[in-house]
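Asker: Sequence:
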Amino acid sequence: MSGLSTLLLVLGSSAVTAALALTLMRRFVGAEAGPAGAEASRGLLTFVLSGRKVLDCSPAAYDLIATSDLLPDIPARADIATWDSVRAVLLPRFAGIADIDPDMPPLDRVVLRAADPLDSGLLIVDPGRKWMRLTVEEPDAMVADRHRLVLTETQLKSRDKMLQMAPYPIWQSDAEGRILQANPAYITLTQIAGTGMEGGRPARIFDLALGTAPDKQQNRVRMADAEGGLHWFDICSTPMGDTWMHHAVDINAVVKAELQQRNFVQTLTKTFAHLSTGLAIFDRNRQLVLFNPALVDLTALPIDFLSARPDLSSFFDRMRDKQMMPEPKNYAEWRTKLTRMIADAAAGQHLETWTLPSGQTYRVTGRPHPDGAIAFLFEDISADMSLTRRFRSEIDLGHAVLDTLEEAICVFSRHGVLVYWNKAYTMLWQTDTHDTLAEVDILSSSRHWQKLSAPSPVWGELRDFARNTGVRAGWTAEVTLATGERLDCRVVPLAGGKTLIGFRPESAALAAQLTERPTLRA
166 MSGLSTLLLV LGSSAVTAAL ALTLMRRFVG AEAGPAGAEA SRGLLTFVLS
216 GRKVLDCSPA AYDLIATSDL LPDIPARADI ATWDSVRAVL LPRFAGIADI
266 DPDMPPLDRV VLRAADPLDS GLLIVDPGRK WMRLTVEEPD AMVADRHRLV
316 LTETQLKSRD KMLQMAPYPI WQSDAEGRIL QANPAYITLT QIAGTGMEGG
366 RPARIFDLAL GTAPDKQQNR VRMADAEGGL HWFDICSTPM GDTWMHHAVD
416 INAVVKAELQ QRNFVQTLTK TFAHLSTGLA IFDRNRQLVL FNPALVDLTA
466 LPIDFLSARP DLSSFFDRMR DKQMMPEPKN YAEWRTKLTR MIADAAAGQH
516 LETWTLPSGQ TYRVTGRPHP DGAIAFLFED ISADMSLTRR FRSEIDLGHA
566 VLDTLEEAIC VFSRHGVLVY WNKAYTMLWQ TDTHDTLAEV DILSSSRHWQ
616 KLSAPSPVWG ELRDFARNTG VRAGWTAEVT LATGERLDCR VVPLAGGKTL
666 IGFRPESAAL AAQLTERPTL RA
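The working numbering puts the first residue of the sequence shown at 166, with every later residue one more than the last.
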């Protein structure tokens, strides 16, 4: 009996020892190699890695990796997934995992908090001698909290789908510019840029100068594709805690339009640079936006003043100070006139001639432009005005000379309309064509002459000659007035189909009478 009892005692002790050893081994393995049974039953996310290889993971972690939309190209089996797969599914929630290097695991336990301040989840990094374990821990949730979590998850999936389907690049980066996550449109851009992926994450293709101010920032940047072409984007960057959310909009069409507009303006500027007419264009806010060198020469305004984009009132105020516009009688009247001039220019009805104190003469024209702009044109017409005055003086001199003649002279156009007559003509035929606004032609004139004269076939011949546009030769005739005075009539064809008809009285007394008193003339 004593031998059997001793044997049973030894066997019992061995069983207890074995059970104890198994328990210790399970605890050791749970801490060093994989999830414990209690952790798996609670649905914790646990990953055990050796370097960059996943050795083991909890069922919930396996399902997360196998079904994640963030990893479209991972292997179907989680047991051969890599560190990049684990980091990809944890990085959106725990940004600090980007600083964890599995090849050089931390020496002590590391607790990473979720990026969202409202998220109470924790990522526990437990280092071992040969392994590193990552565990996502959640506080115990009530039923309402769990329901709210499910609703939030559903909304997030819907929003994530919208993010994935967005045609514009959207991505998230940390403070150093490393890409944390990106949508397919951004991934496509990396392929166009020829950069692809870097270290398991999308490459950085935009060099954004983000300041420290916690405000939205707007940047216009360009990206070169693999073939050297340029693509322009407007990027809105919004701070989110320690990270940045970026949204990019393709503005190639806008940049192209701006370039075309700039080239068009440059072409116009080069064209306007050779014009002798001064040009000043004011936008809808009445600020100077375009001027040419001729404007500087004509107005004597400094280039730095014009380059500062003065408003329209300041522009004309400075011209007034430079005495480059007529001096008004008083300032209030001038301001009223300026306001009226601007209104007329906007309506396209402004045309004015300025006689300056220097003796120069300017023609100022105001014209409306698209989008409420106004253009003013300044032309120096001093030479034209001088020539016109000289020409008018010579014409007046010629008229004065003809008015001293005893011969009554009249000129008809090629269409038979009376265009000129002298003083002797008015006195002889007792008429003044200034009294009527209607045109006086050869028909009415000849009838008037015939009424004051003796019957003669000459009047019909005069009518036919004045209205004949063919080859003509001058001729003379004699007619008799109703008073018995005889007149020598001469008919001379002039250039341009005009006809000159002269009546010279044979009586010296009548000839002297025709030059006694002046008559009105235009």
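Mixed in with the good hints there might be a few duds.
Simulated restraints on C-beta separations [as the list claims (entries may be wrong)]:
no.: 1; residue 1: 462; residue 2: 552; range: 14 to 22 Å
no.: 2; residue 1: 479; residue 2: 604; range: 16 to 24 Å
no.: 3; residue 1: 653; residue 2: 584; range: 20 to 28 Å
no.: 4; residue 1: 365; residue 2: 474; range: 49 to 57 Å
no.: 5; residue 1: 540; residue 2: 584; range: 54 to 62 Å
no.: 6; residue 1: 560; residue 2: 518; range: 18 to 26 Å
Here are the simulated SDA-like cross-link-like pairs (lysine to any residue), alpha carbons at most 20 Å apart as the crow flies [stated by the list, open to error]:
no.: 7; residue 1: 487; residue 2: 475
no.: 8; residue 1: 322; residue 2: 231
no.: 9; residue 1: 326; residue 2: 257
no.: 10; residue 1: 218; residue 2: 266
no.: 11; residue 1: 435; residue 2: 425
no.: 12; residue 1: 616; residue 2: 635
no.: 13; residue 1: 435; residue 2: 423
no.: 14; residue 1: 663; residue 2: 542
no.: 15; residue 1: 218; residue 2: 278
no.: 16; residue 1: 295; residue 2: 270
no.: 17; residue 1: 616; residue 2: 583
no.: 18; residue 1: 218; residue 2: 279
no.: 19; residue 1: 435; residue 2: 279
no.: 20; residue 1: 295; residue 2: 247
no.: 21; residue 1: 616; residue 2: 642
no.: 22; residue 1: 435; residue 2: 451
no.: 23; residue 1: 616; residue 2: 595
no.: 24; residue 1: 487; residue 2: 526
no.: 25; residue 1: 663; residue 2: 582
no.: 26; residue 1: 381; residue 2: 423
no.: 27; residue 1: 381; residue 2: 435
no.: 28; residue 1: 381; residue 2: 333
no.: 29; residue 1: 663; residue 2: 629
no.: 30; residue 1: 487; residue 2: 469
no.: 31; residue 1: 616; residue 2: 574
no.: 32; residue 1: 218; residue 2: 333
no.: 33; residue 1: 502; residue 2: 528
no.: 34; residue 1: 218; residue 2: 280
no.: 35; residue 1: 421; residue 2: 399
no.: 36; residue 1: 322; residue 2: 279
no.: 37; residue 1: 421; residue 2: 389
no.: 38; residue 1: 502; residue 2: 522
no.: 39; residue 1: 435; residue 2: 472
By construction, these hints were calculated from the structure, which means they are not laboratory data.
A virtual CB, placed ideally from N, CA and C, is assigned to each residue, including glycine.
Asker: Does each hint fit the structure? Answer for all of them.
Answerer: Going down the list of hints, with the structure as the test:
A hinted range of 14 to 22 Å for the beta carbons of residue 462 and residue 552 is consistent with their spacing of about 21 Å. Between residue 479 and residue 604 the beta carbon distance is about 51 Å. The supplied range of 16 to 24 Å is therefore violated. A C-beta distance of roughly 23 Å is found between residue 653 and residue 584, which places it inside the suggested range of 20 to 28 Å. Checked against the hint of 49 to 57 Å, the C-beta distance between residue 365 and residue 474 comes to roughly 53 Å, which is consistent with it.
One distance hint, 54 to 62 Å for the beta-carbon pair residue 540 and residue 584, is violated here, with the actual separation near 39 Å. The supplied range of 18 to 26 Å is met by residue 560 and residue 518, whose beta-carbon atoms lie about 20 Å from each other. Only pairs whose Cα atoms come within 20 Å are accepted, and residue 487 paired with residue 475 is accepted, the gap being roughly 16 Å. With a C-alpha separation of about 16 Å, the suggested pair residue 322 and residue 231 falls inside the 20 Å cut-off, and the hint holds.
Between residue 326 and residue 257 the alpha-carbon distance is near 15 Å, which keeps this suggested pair within the 20 Å criterion. At roughly 12 Å between alpha-carbon atoms, residue 218 and residue 266 fall within 20 Å of each other, so this suggested pair holds. A threshold of 20 Å between alpha carbons decides the hint, and for residue 435 with residue 425 the separation of about 15 Å falls inside it, so the pair holds. Restraint check: the Cα-Cα separation between residue 616 and residue 635 comes to about 29 Å, which exceeds 20 Å; the hinted pair is violated.
Of the supplied pair hints, the one linking residue 435 and residue 423 holds, its CA atoms being roughly 18 Å apart against a limit of 20 Å. Of the pairs offered as hints, the one joining residue 663 and residue 542 is violated, with about 39 Å between alpha carbons and a cut-off of 20 Å exceeded. With a C-alpha separation of about 24 Å, the suggested pair residue 218 and residue 278 falls outside the 20 Å cut-off, and the hint is violated. Taken as a hint, the residue 295 and residue 270 pair is honoured in the structure, with Cα atoms around 10 Å apart against an allowance of 20 Å.
Pair hint residue 616 plus residue 583 holds up; C-alpha atoms about 18 Å apart against a cutoff of 20 Å. Restraint check for residue 218 and residue 279: the C-alpha separation of about 24 Å exceeds 20 Å, so the hint is violated. Using a Cα cut-off of 20 Å, the hinted pair residue 435 and residue 279 is violated, with the two alpha carbons roughly 61 Å apart. For the given pair, residue 295 sits about 16 Å from residue 247 by alpha-carbon distance, which is consistent with the 20 Å threshold.
With a C-alpha separation of about 18 Å, the suggested pairing of residue 616 with residue 642 holds against the 20 Å cut-off. For the hint pairing residue 435 with residue 451, the CA-to-CA distance comes to about 23 Å; that exceeds 20 Å, so the pair is violated. A hinted pair counts as satisfied when its Cα atoms are at most 20 Å apart, and residue 616 with residue 595 qualifies at roughly 12 Å. Annotation: proposed proximity of residue 487 to residue 526 holds, straight-line Cα distance about 15 Å (limit 20 Å).
A threshold of 20 Å between alpha carbons decides the hint, and for residue 663 with residue 582 the separation of about 9 Å falls inside it, so the pair holds. For the hint pairing residue 381 with residue 423, the CA-to-CA distance comes to about 25 Å; that exceeds 20 Å, so the pair is violated. Our distance criterion of 20 Å between C-alpha atoms is broken by residue 381 and residue 435, whose separation comes to about 40 Å. Proposed proximity of residue 381 and residue 333 is supported: the alpha carbons are some 18 Å apart, at most 20 Å.
Restraint check for residue 663 and residue 629: satisfied, since their Cα atoms lie roughly 13 Å apart, inside the 20 Å limit. At roughly 15 Å between alpha-carbon atoms, residue 487 and residue 469 fall within 20 Å of each other, so this suggested pair holds. Our distance criterion of 20 Å between C-alpha atoms is met by residue 616 and residue 574, whose separation comes to about 18 Å. In summary, the hint linking residue 218 to residue 333 is not supported, as the alpha carbons are separated by about 35 Å, beyond the 20 Å threshold.
The hinted pair formed by residue 502 and residue 528 meets the criterion: a straight-line CA distance of about 16 Å does not exceed 20 Å. Annotation: proposed proximity of residue 218 to residue 280 is violated, straight-line Cα distance about 26 Å (limit 20 Å). Restraint check for residue 421 and residue 399: the C-alpha separation of about 14 Å stays at or below 20 Å, so the hint holds. Of the pairs offered as hints, the one joining residue 322 and residue 279 holds, with about 19 Å between alpha carbons and a cut-off of 20 Å not exceeded.
Distance check on the hinted pair: residue 421 and residue 389 sit about 16 Å apart at the alpha-carbon level, within 20 Å; holds. Restraint check for residue 502 and residue 522: the C-alpha separation of about 19 Å stays at or below 20 Å, so the hint holds. In summary, the hint linking residue 435 to residue 472 is supported, as the alpha carbons are separated by about 17 Å, within the 20 Å threshold.
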